[in-house]
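2 protein chains.
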Amino acid sequence: MDLSKLRKIFGERLATSEAIRRQHSHDESWHVPISLPDAVIFPENTKEVSIILKFANDNKIPVIPFGAGTSLEGQVHALNGGITINSLNMNKIKEVNLEDMDCKVQPGVTREDLNLFLRDTGLFFPVDPGANASIGGMCSTGASGTNTVKYGTIRQQVMGLEVVMPNGEIIKTGSRARKSSAGYDLTHLMLGSEGTLGYITEIDLKLHGRPEAISAGVCSFKNLNGAVNTVIEAIQIGLPLSRIELLDEVQIKAINKYKNTNHNEKPTLFIEIHGSPFGVKEQIQQFQEISKENDLIEFDWSDQQDEIDKLWSSRHNAYYAALNLCPGKKAFTTDVCVPISSLTECILETKRDIEASNIIAPIVGHVGDGNFHLILLLNPEDKEEVNEAKEINDRLVERALRMKGTSTGEHGIGIGKKNFLKTEKGNSVKIMSQIKRSIDPNNIMNPGKIF
Amino acid sequence: MDLSKLRKIFGERLATSEAIRRQHSHDESWHVPISLPDAVIFPENTKEVSIILKFANDNKIPVIPFGAGTSLEGQVHALNGGITINSLNMNKIKEVNLEDMDCKVQPGVTREDLNLFLRDTGLFFPVDPGANASIGGMCSTGASGTNTVKYGTIRQQVMGLEVVMPNGEIIKTGSRARKSSAGYDLTHLMLGSEGTLGYITEIDLKLHGRPEAISAGVCSFKNLNGAVNTVIEAIQIGLPLSRIELLDEVQIKAINKYKNTNHNEKPTLFIEIHGSPFGVKEQIQQFQEISKENDLIEFDWSDQQDEIDKLWSSRHNAYYAALNLCPGKKAFTTDVCVPISSLTECILETKRDIEASNIIAPIVGHVGDGNFHLILLLNPEDKEEVNEAKEINDRLVERALRMKGTSTGEHGIGIGKKNFLKTEKGNSVKIMSQIKRSIDPNNIMNPGKIF
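Chains A and B, in that order, are what the protein sequence lines are.
The opening position of the first sequence corresponds to residue 3 in my numbering, with each subsequent residue numbered one higher.
The opening position of the second sequence corresponds to residue 3 in my numbering, with each subsequent residue numbered one higher.
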């Protein structure tokens, strides 16, 4: 691959050392990389991205967008080599409009960068998938996370995008208006397209006012039913919960061990409520009443920010806590999402399936959305374990689809769930492929992902 | 056009009388129909729609989807004849899932039908564009309306669609899960595509819990600045207003005349707040405090449902009240949407423009979204008046785009705003056309709209 033309432009920002290529060959998933990119480029602006894509398109070279590398279904793997574009240097917050509560950022800005920048403005960016993902990456996978139940996923935050198309052309989708009915919604076509339709170079994001009061709590229940029914009832009466996370007893045990805490080792909800001081108090009380009718064991609340931070640090460390349960093993993570009325049944069937296997797999979930994750612990060298985990995952997805849910609530298809997509979406995958071909006829953008 | 094959299947549900064809030749806009459809068919289910589309595609006959006929940019006009498909008989509410707060409806169900059906469930469907539009039509134009500021537009309510594609194939987009990252977001590609990509035959909708308490009020201000600044400040401190409608003094005068009311003839907000009884009271108080700092004249609230209904009936009759200002004239309605920080400036410039003309044009707006409408009153036979109105509209859109807004917040492009779409979206219109061609190569679906 002759990259001399690009090397003249990018100099040392075009890397071909094996170490850097290897570092860009994988994400945080269990998927084993089968090859390395031929080069990694660190552009700084839209024009530079356009130059790379035009060159790649003219020479039919694969292009792989790379953000923070925190994807979970192999989205950044360089399956056929090619050029990986790392957004690390595209990390500028270009505008913050306080009156309109919005901002414009480059794709390499991470969610923590943005919230740090906003800390004195009274505004914040709510989407929180746990990892400190890049905002470009979050757009590409349609990310969500702990407080989707109140604020929505990244899809509800993006008002418009600047995208470099596969032939190097730059388009703008959306506007800074809060809504528009002007033509096809290319913004939402790009969101969740996992880098297969173009490279996102700028994002117009909605921001939200920091709540006056925040309170968070831990509620443990005698059984899973009680925890999930509490959430269903709370949502039905319209309690504006901001975060509702479910952790099963295996995950709580893992956290107790990892963080040296002493939570009841029972199905548990981590909750957060935002609002006015009085409103929050009123809502905690209502939530407690519902919990009591649903086999509550313990109800423990705090409005101290350090206590609240500790709680969410426990939640965000669920993955590492799980790994710590079986030192030496790796984590095969997967997620599905079902209508909330089927959530208890779906989780209980899944738990029985795990218990009948040789695999340890804690469950954590964004239960207000009907979305949950398995963290299947395994030795990737042990083929039998890998197969067993894959079969559990197969049955998990079948179960979610049978219950009218989806094969992935937030991790995306990547390379891991391509077959499931066909089962789930049937002939609408054909329409997706037609769109892909019409926009990227040379199939340079992240080939081998989704399809 | 030989429709005998379809006539055998649809019998009297295929109409070719001039009266019915004429009735289907136009919507509620000022656009004058240039031709009639050749036939109007009233299918009852998805399979029948599929038969019609396959036939039309094989014979390259235009197909025009028709709901309640309440569109405002000529979306249902049969520009080149063809077959109009009326969704009147596709009016079944197929599922209501109380626990999941969702439902499945056919496209001909209107928003009032649905809310009537839901009245004893504690749930409701929030999108309210004023007219009793069909839900299929609302999906097609990306409708919104008075309470978007709290609940979002129709785009945020739809979880999935069943769509008959131009070749008669039936696809499903989305699922009943609250979120998904499985493949391209075809749901949002279809929403707002104005019938140009397929015919929507089934819609999975989110529903919302009816609020415990509702209170509504009328607040008049010395000037427009005061009204808009009140809204900006209320949103910034996170007051969860459900409806925030702005009516200028011309519109208030029209309502006073039409409904025999005696509102202050000043820039006025109609507000509604949903929540717990205490929460609503707290919020009214906060809203009043902000209003007072912004040149409030009068602040009048009620929690009596009949008073509230009367208020919204005044708002929903804005169009007829405006017509009543100049008996014999017709209304040329248009809408734009801008970032809220530019709203005052945009409306004031627009008012100066109207005042310098011979046209009377009240302004009403969904001010929480930055969206407002002009109702330009004119005699469609008077070319000079029509031209003057068109020029006001041209300058309105230019102004909105200069302020980083959009040429239409909720009415869509139809036949009226095609040139504005090119100005607004630039080369992304090319991407839209590519998608259109890849999905509908014979251009049978609502040809001449959007592009």
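Calculated from the structure, these hints are not laboratory results.
Wrong hints could be hidden among the right ones.
Now the stretches of chain A that chain B is said to cover, found in silico as 3 or more residues with beta-carbon under 8 Å [unchecked claim]:
| # | stretch |
| --- | --- |
| 1 | 23 to 36 |
| 2 | 51 to 59 |
| 3 | 136 to 150 |
| 4 | 221 to 230 |
| 5 | 250 to 261 |
| 6 | 312 to 326 |
| 7 | 371 to 377 |
Selected chain A positions facing chain B (in silico; Cβ < 7 Å) [what the hints assert, rightly or not]:
| # | residue |
| --- | --- |
| 8 | 194 |
| 9 | 240 |
| 10 | 243 |
| 11 | 342 |
| 12 | 408 |
| 13 | 437 |
No experiment lies behind these values; they were computed from the predicted model shown.
Built from N, CA and C at the ideal position, the CB exists for glycine as well.
Structure-based check of each hint:
1. 23 to 36: This one is violated; 0 residues, fewer than the three required, reach chain B with a Cβ under 8 Å.
2. 51 to 59: violated (count 0)
3. 136 to 150: holds (count 5)
4. 221 to 230: violated (count 0)
5. 250 to 261: Coverage by chain B is violated here, the residue count being 0 at a Cβ distance below 8 Å.
6. 312 to 326: violated (count 0)
7. 371 to 377: Per the Cβ count (3), the hint holds.
8. 194: 6 Å, holds
9. 240: 4 Å, holds
10. 243: 13 Å, violated
11. 342: 6 Å, holds
12. 408: Nearest chain B Cβ about 4 Å off; hint holds.
13. 437: Cβ of residue 437 of chain A sits 6 Å from chain B, so the hint holds.
The structure is inconsistent with the numbered hints 1, 2, 4, 5, 6 and 10, although it conforms to all the rest.
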